[in-house]
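Throw the hints in and build the complete structure from the sequences for me.
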Amino acid sequence: MSDWLSARTLTVIVLLAALVLLPVYVEFTGNRFVLTLFTRIIILALAAVSLNLILGYGGMMSFGHAVYLGIGGYAVGMLAHEGIYSGFVQWPIALAASALFALVIGALSLRTRGVYFIMITLAFAQMAYYVVAGLARYGGDDGLTIYKRSQFFEPVNLSNKTQFYYICLALLYASIYLVWRIVNSRFGMVIQGSRSNDTRMRAIGFPTFRYKLTCFVIAGTLCGLSGALLANHTDFVSPAMMYWTRSGDLIIMVVLGGMGSVVGPVFGAIALLLLEETLSGFTEYWQIILGPLLLLVVLFARGGIDGLLGKVRYA
Amino acid sequence: MTLFIEQCLNGLQFGLLLFMLAAGLTLVFGIMDLVNLAHGSLYMIGAYFAATLTAWTGSFLIGVVMALAGTLVVGMIMEVVVMRRLYGRDHLDHVLATFGLILFFDETVRLIWGPAGLSLPLPSWLNAPVQILPGIYYSAYKLSIIVVSLAVAAGLYFLVMRTRIGMLIRAGASNREMVGALGVNIKLLYTLVFGLGAALAGLAGLMQAPILTVQIGMGEIIIILAFVITVIGGIGSIRGAFVAAIFVGLVDTLGRAFFPDLLRMVLSPAAASTAAPALSSMLIYLLMAIVLVLKPEGLFSAGNK
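Protein sequence lines correspond, in order, to chains W and D. Under the numbering used here, residues 1 to 315 are what the first sequence spells out, in order. Under the numbering used here, residues 1 to 305 are what the second sequence spells out, in order.
Hints are computed from structural coordinates only; laboratory data are not their basis. Small disclaimer: the values here were computed from a predicted structure and weren't measured. Beta carbons: idealized from backbone N, C-alpha and C, even for Gly. Incorrect hints may appear among the rest.
Stated by the list, open to error - Cβ-to-Cβ under 7 Å is the rule here; a few derived chain D residues that face chain W:
#, residue
1, V35
2, Y87
3, H91
4, L92
5, A97
6, F99
7, L103
8, E107
9, L111
10, N185
11, P277
12, A278
13, M282
14, Y285
15, A289
16, L292
Structure follows, in structure tokens:
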């Protein structure tokens, strides 16, 4: 890219650096709340980044992405409930369970396209929601409190807020890098090609179903990681984590930030959660403002925040 | 046996109710190519209107009729203000915009009626059980839901297939510009169709209201079932929605009623009672998965995407 020092690149660099320096600011001001809020933002941004891989680049409109937050979270919660606290057990299981669910759901729902795909992913996510809500052993509807965060080797301590923040941030940046590598690889080209014209991709000889399914599983696994982090962050998991409106929130983050750019969802997550925080400070009925606002974004600002900064690859 | 017949009727009643929701959803999708997540909000609004207006007028029937008209108007306003701008846009835009509408409607309802649920009491003449077969009694109200829903389904079929308006609607679905060029006010037609879908959702909501509590979020729960039905039946097909709705209603109701007993035969009682609630709520989704494997476009696909 010739004009890599554009306004957009600059904003991205400033943002990514600001996130790294945030704990320093917290240390000076003693404002612990900001740290907790941004840890949450970063975790959900990770989920949004993973959704963007299939939604923005793959054109797969999954409306059930929050289900992996739930699966990842419940993997941690259930194991903790059974007395297994080691993160080396919890996290791989969280990732594997998410990957497996994504594989099954993807294999079924990728047989269809467009609006069918939206409704089917939505329905399967809702199925998982009801199944979890029916598990009386793990709290059912009321959810499950986690008394001890995932344990790793000695210096790593997830209960330390600053440390946990940096772990989340590192994982977010690693995921962004991973998605960026995927998108710019041959594999990513096939995925994007199939978004534009699936029939043609198949005509040239690419078995697009397998490519899309792999992509779907990668995104699900990444989101499962985000779920494991979220469970550690809130020390609590409940079926509400995977309710379908949560999937809607993730889609909003992706679209608000701007689809088809790897960092867009981070902007979106920050924007949406800060907006929620600010609006709910004004009025208890903040969604009455958020809803129409969303409508306006859809109608008039399709590129999202990333688009406003210029250089939209896909709108 | 009595229990089985009663549960079958319950399933039929639930299925027909779901049909009203799914019919509106599939009608709007088939004709305007619009995905409307906020369809469940109209269901909720119908129920809230009915509960309030019945309490206000003191008459169940007047309240219900006014609520129906109210939902129709809300639907038509929604079409003119928002939906009209979404035709021809990407499905993702529809999903997001209508998701925004859900947030808006839920919060507006909370603002007006408060967070606590309402109840819609039945008049005494609908509350009594009636004898349907010798020795078998069934709720008069649920029976009337079945009758009303069947009448609506027949009316809908007649309207779409046998009247001039229905002809225009079908023509508008296949070629919007051409119908417009022939001098039909296609914008008004679309507004009417959307209003009709809204009224169907409102009718489902207000009929369900006396059985369940009227509460915020009631639409979000049931709309998923309507999606499952549209997927099974084939999007855009009212006939498919009818068959799939009754199927889903029966499977869901009978599954919840008898599946735990069946499970108890193969598993230990303790294991069965733990697994039953989770498994019986999975049944309809498994049904959907099976249909998808066999016929990815649904049982009665209308063919247009």
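Hints, one by one, checked against the model:
Of the supplied interface hints, the one on V35 (chain D) holds, with its beta-carbon coming within about 5 Å of a beta-carbon of chain W, less than 7 Å. Taken as an interface hint, Y87 (chain D) does not check out: its beta carbon lies about 12 Å from the nearest beta carbon of chain W, beyond 7 Å. Given hint, H91 (chain D) at the interface with chain W, holds; its Cβ is 5 Å from that chain's nearest Cβ, closer than 7 Å. Contact between L92 (chain D) and chain W, as hinted, is supported at the beta carbon level, the nearest pair being about 5 Å apart and thus within 7 Å.
A hinted interface residue such as A97 (chain D) counts as satisfied when its beta carbon comes closer than 7 Å to some beta carbon of chain W; here the least separation is about 4 Å, so the hint holds. Because the smallest distance between the Cβ of F99 (chain D) and any Cβ of chain W comes to about 5 Å, under 7 Å, the interface hint for this residue holds. Residue-level restraint check for L103 (chain D) holds (minimum Cβ-Cβ distance to chain W is 4 Å; threshold 7 Å). Contact between E107 (chain D) and chain W, as hinted, is supported at the beta carbon level, the nearest pair being about 4 Å apart and thus within 7 Å.
The criterion of a C-beta within 7 Å of any C-beta in chain W is met by L111 (chain D), whose closest approach is roughly 5 Å, and the hint holds. Given the 7 Å rule on beta carbons, the hint for N185 (chain D) is violated: about 24 Å separates it from the nearest Cβ of chain W. At its closest, the beta carbon of P277 (chain D) sits 4 Å from a beta carbon of chain W; the interface hint therefore holds under the 7 Å criterion. Look at A278 (chain D): its Cβ gets to within about 3 Å of chain W, closer than 7 Å, so that hint holds up.
Checking M282 (chain D) against chain W by beta carbon gives a least distance of about 6 Å; that is within 7 Å, so the hint holds. The criterion of a C-beta within 7 Å of any C-beta in chain W is met by Y285 (chain D), whose closest approach is roughly 4 Å, and the hint holds. This hint holds: A289 (chain D) has a C-beta 6 Å from the nearest C-beta of chain W, less than the 7 Å allowed. Given the 7 Å rule on beta carbons, the hint for L292 (chain D) holds: about 6 Å separates it from the nearest Cβ of chain W.
Of the numbered hints given earlier, the model fails hints 2 and 10; all others are met.
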